[in-house]
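Here are the chains, one letter per residue:
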Amino acid sequence: MTEVFGRRPFLVLALLAAALLVVPFLPLNDYVLHILTVFLIFSVFATGWNLTLGILGLKTLGHHAFFAIGAYLSAITAYYGGVSPWLTVWVGALSAAAAGVFIGFPILRIRSMPHVAIVTLAFAEIVRLVFSNLKDITRGELGFWGIPPFDPITVGDMTVRFGIGNAVGSFALAAVFFLAVHLALLLLLTSRTGLTFLAIRDSETAAESLGIRLSAWKLFAFGVSAAVVGLSGAVYAHYVMILTPTSTAGPEMLITLLAMIIVGGVGRFFGPIAGALLLTVLSEVLREFGDFRMLLYGLVIIVFVFVAPHGIAGLRLGRLRKAERAEPGTAGAT
Amino acid sequence: MAEHLLDVNQVTVRFGGLVALDRVDLHVEPGRTTAILGPNGAGKTTLFNAVAGVVHPTSGAISLDGRDITKALPSRRSRDGIARTFQITQPFVGLTVRENVMVSIVSRGVAMREARDEAAEYVSFVGLGPKMDEPARTLSTGQRKRLELARALATKPRLLLLDEVTGGVDRPSIPEILDLIRRLRDERGITIVVVEHNMEVLFGLADDAVFLNRGEVVVTGSMAEVAEHEAVRRIYLGDGDA
Chain A
1 MTEVFGRRPF LVLALLAAAL LVVPFLPLND YVLHILTVFL IFSVFATGWN
51 LTLGILGLKT LGHHAFFAIG AYLSAITAYY GGVSPWLTVW VGALSAAAAG
101 VFIGFPILRI RSMPHVAIVT LAFAEIVRLV FSNLKDITRG ELGFWGIPPF
151 DPITVGDMTV RFGIGNAVGS FALAAVFFLA VHLALLLLLT SRTGLTFLAI
201 RDSETAAESL GIRLSAWKLF AFGVSAAVVG LSGAVYAHYV MILTPTSTAG
251 PEMLITLLAM IIVGGVGRFF GPIAGALLLT VLSEVLREFG DFRMLLYGLV
301 IIVFVFVAPH GIAGLRLGRL RKAERAEPGT AGAT
Chain B
1 MAEHLLDVNQ VTVRFGGLVA LDRVDLHVEP GRTTAILGPN GAGKTTLFNA
51 VAGVVHPTSG AISLDGRDIT KALPSRRSRD GIARTFQITQ PFVGLTVREN
101 VMVSIVSRGV AMREARDEAA EYVSFVGLGP KMDEPARTLS TGQRKRLELA
151 RALATKPRLL LLDEVTGGVD RPSIPEILDL IRRLRDERGI TIVVVEHNME
201 VLFGLADDAV FLNRGEVVVT GSMAEVAEHE AVRRIYLGDG DA
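Read top to bottom, the protein sequences are chains A and B. In terms of the UniProt record's numbering, the first sequence has 209 at position 209, counting the first letter as 1, and numbering is strictly consecutive. In terms of the UniProt record's numbering, the second sequence has 231 at position 231, counting the first letter as 1, and numbering is strictly consecutive.
It cannot be assumed that every hint is accurate.
Capping the alpha-carbon separation at 25 Å, the derived lysine to aspartate or glutamate pairs in DMTMM-like fashion look like this [unchecked claim]:
| hint | chain 1 | residue 1 | chain 2 | residue 2 |
| --- | --- | --- | --- | --- |
| 1 | B | K156 | A | E204 |
| 2 | B | K71 | B | D117 |
| 3 | A | K218 | A | E204 |
| 4 | A | K59 | A | D202 |
| 5 | B | K71 | B | D133 |
| 6 | B | K156 | A | D202 |
| 7 | A | K59 | A | E125 |
| 8 | B | K71 | B | E216 |
| 9 | B | K71 | A | E204 |
| 10 | B | K156 | B | D133 |
| 11 | A | K218 | B | E216 |
| 12 | B | K156 | B | E200 |
One side of the interface only, derived from the structure: several residues of chain B facing chain A at Cβ under 7 Å [to be verified]:
| hint | residue |
| --- | --- |
| 13 | S75 |
| 14 | I88 |
| 15 | Q90 |
| 16 | F92 |
| 17 | G129 |
Pairwise CB distance ranges, derived in the manner of DEER restraints [stated by the list, open to error]:
| hint | chain 1 | residue 1 | chain 2 | residue 2 | range |
| --- | --- | --- | --- | --- | --- |
| 18 | A | L296 | B | R108 | 49 to 57 Å |
| 19 | B | R108 | A | S215 | 52 to 60 Å |
| 20 | A | H115 | B | G17 | 46 to 54 Å |
Just so you know, these hints were derived from the structure itself, not from any lab. The beta carbon of each residue, even a glycine, is placed where N, CA and C say it ideally should be.
All chains should be modelled from the sequences, with the hints used to inform the complete structure.
Pasting the structure below:
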C-alpha cells in the first residue's frame with residue numbers, strides 16, 4: 001500500500017498539522033487566509049472523491065452532487081429549522097451518504113467504466129436541476145443566502161467567530177476539519193478496508209474469488225466517500241453563507257475538483273491535497289490575467305498532465321519505476 | 001462427507017445462441033487431481049468458470065460436498081472452500097507480494113497484524129520469499145503464477161482450480177511449479193482440478209481426467225484411460241493413425 005499512502009503517512013499528516021498550526025501566526029492578510037480556507041475544504045472534497053475514483057477504481061463523475069446535497073441539506077436545516085450548524089453539518093453528511101448508497105445500487109450492475117461515468121454525471125445534473133427548481137426553498141439560481149455561520153465558541157475571554165469575514169476562526173475550523181477527516185480516513189484505509197479497496201481496484205474478479213463481497217464493499221465505499229464530500233459541502237455552506245445550484249453541482253465544480261485530483265495524483269492518498277493547493281492558488285494568481293485566466297488555467301493543467309501523468313504525488317514513484325525497469329533481471333527470474 | 005467433493009450434474013451453459021457446455025457431468029473425488037482436457041473452444045474454461053461461480057449455468061446443478069452451490073456468488077464459493085488461479089494472471093499490481101496474499105487472509109476475518117505473519121508463510125511456501133515486500137507489478141509471469149497459488153492457498157481451500165498453471169512459464173521452471181502442486185495434494189490434502197494444454201505436465205500430475213469437445217464430454221476416467229482415447233490421441237499426441 002506504499003504506492004498509495006507513502007512510507008510514513010501518519011508522519012506526513014503530522015507535518016501538515018504542524019504547518020497549519022504555524023499559519024495563524026504568520027503575517028497573512030484575510031484574503032490569503034480565505035484562499036487557504038477554501039483550499040482546505042476543497043482538499044477534503046477531493047480526498048473524499050479520490051476514495052472511489054482512485055482508491056476503489058470506479059470512474060465516477062458525479063461527486064459534486066454529494067457536495068451540493070451536503071451543502072444544501074445542512075443549510076436548509078439550519079436556516080428553516082433554526083438548528084445549530086454544528087449539528088446540521090452531520091445532517092448534510094448523512095444525507096450525502098444516503099444518496100451515495102442510493103446511486104451505488106445501479107452502479108453495482110454496471111461493469112463498463114464509461115457507463116459508470118455517464119450515470120453518475122447524469123445523477124449530478126438531476127441534483128442540480130432539483131435544487132434549481134425548488135425555488136420556494138432554495139431560491140434557485142438567485143442564490144440561497146442568509147445561511148447561518150457556525151456558532152461562535154467562547155474560551156475564557158476570547159470568542160472565536162466563524163463564517164466569511166472571520167478569517168482566522170474560519171481557517172482554524174477548516175484546518176481542524178481537514179486534519180480530522182484525513183486522520184479518520186488514514187486510519188480506515190491503512191486497515192483491511194484499504195487493502196480490500198485496492199484489491200477491488202486492481203482486479204474485481206480476483207478479489208471476488210478470494211472471498212471479498214464486491215457489492216457490500218462498493219456500497220460501503222460509496223457511502224463513506226459521499227459522506228466525506230457531503231461534509232465538505234456542509235462546511236463550505238456555513239463558511240461562504242450563500243449557495244447556488246450551479247456553483248455547487250455545476251460543471252465548473254466538476255472540472256475544478258477533477259483537475260485537482262488528476263494534477264495531484266489519482267489514487268494517491270496525499271495527491272488531491274497537493275492538487276487542491278496548487279490549483280486553488282493558481283486560480284487566484286491568474287486573476288490578474290482577466291479574460292485569459294481560465295485559458296491559462298486549462299493550459300497549465302494540460303501541460304501538467306503531459307509532464308507528470310501520475311500527478312504531483314506520483315513524481316517520486318515515477319523515478320522509482322524507472323529505476324526498477326533499469327535493474328536487469330528483476331522481471332526475468334522465475 | 002459426500003462421496004464426491006465436487007459434483008457437476010448435467011450442466012448446460014448458453015451464451016445467446018452458442019452452447020458452450022452441453023449437459024456436462026464432472027465428479028471429483030476428495031484428495032485427487034482431475035484434469036480437464038480438450039481443444040481450443042471445447043468449453044474447458046467455461047466449465048472452470050461455472051465451478052468458480054463466474055459463469056452461471058443455464059440448466060443443471062453444481063454441488064460442493066453435497067451442498068448445492070449452483071447460484072452462489074464467487075465470494076461465497078471461496079468461503080465454502082473453492083479457490084482458483086487465472087489463465088491470464090490477475091495480481092493486485094498496486095500491492096506488494098505479501099499484501100496480495102494478505103487480501104485472502106483478511107477476507108477470512110483475520111486481523112491485519114496476524115495476516116502479515118500468516119501471509120509470509122504462504123509466500124515462502126511458493127518460493128517468493130525474496131520478493132516478499134516488492135510490488136507485484138515487478139514479477140515475471142512464472143512468479144505471478146506462484147503468487148496466485150499463494151493467494152489461493154491463503155483462502156484455505158478444499159478444492160483448488162488451476163487454470164493453465166504452466167502457461168507462459170519458462171520450461172526450466174515448470175518442474176518446480178509441478179512439485180509445488182503435488183505437495184499441495186500430498187501434504188495438505190487439497191483436491192485439485194486443473195486445466196492444462198501441456199500433456200507432459202498432466203501425465204505427471206493428474207489422477208483422473210475428463211475430455212471435452214464442442215461443449216460435450218467425450219470420455220472420462222483415469223488419466224491413463226483418457227489419454228488412450230482415440231480423440232485425445234489425435235488432438236494432443238498428433239497420432240494420425242488413431
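Worksheet entry | Violated hints - listed by number, lowest first | 2, 5, 11, 12, 14, 17, 19, 20
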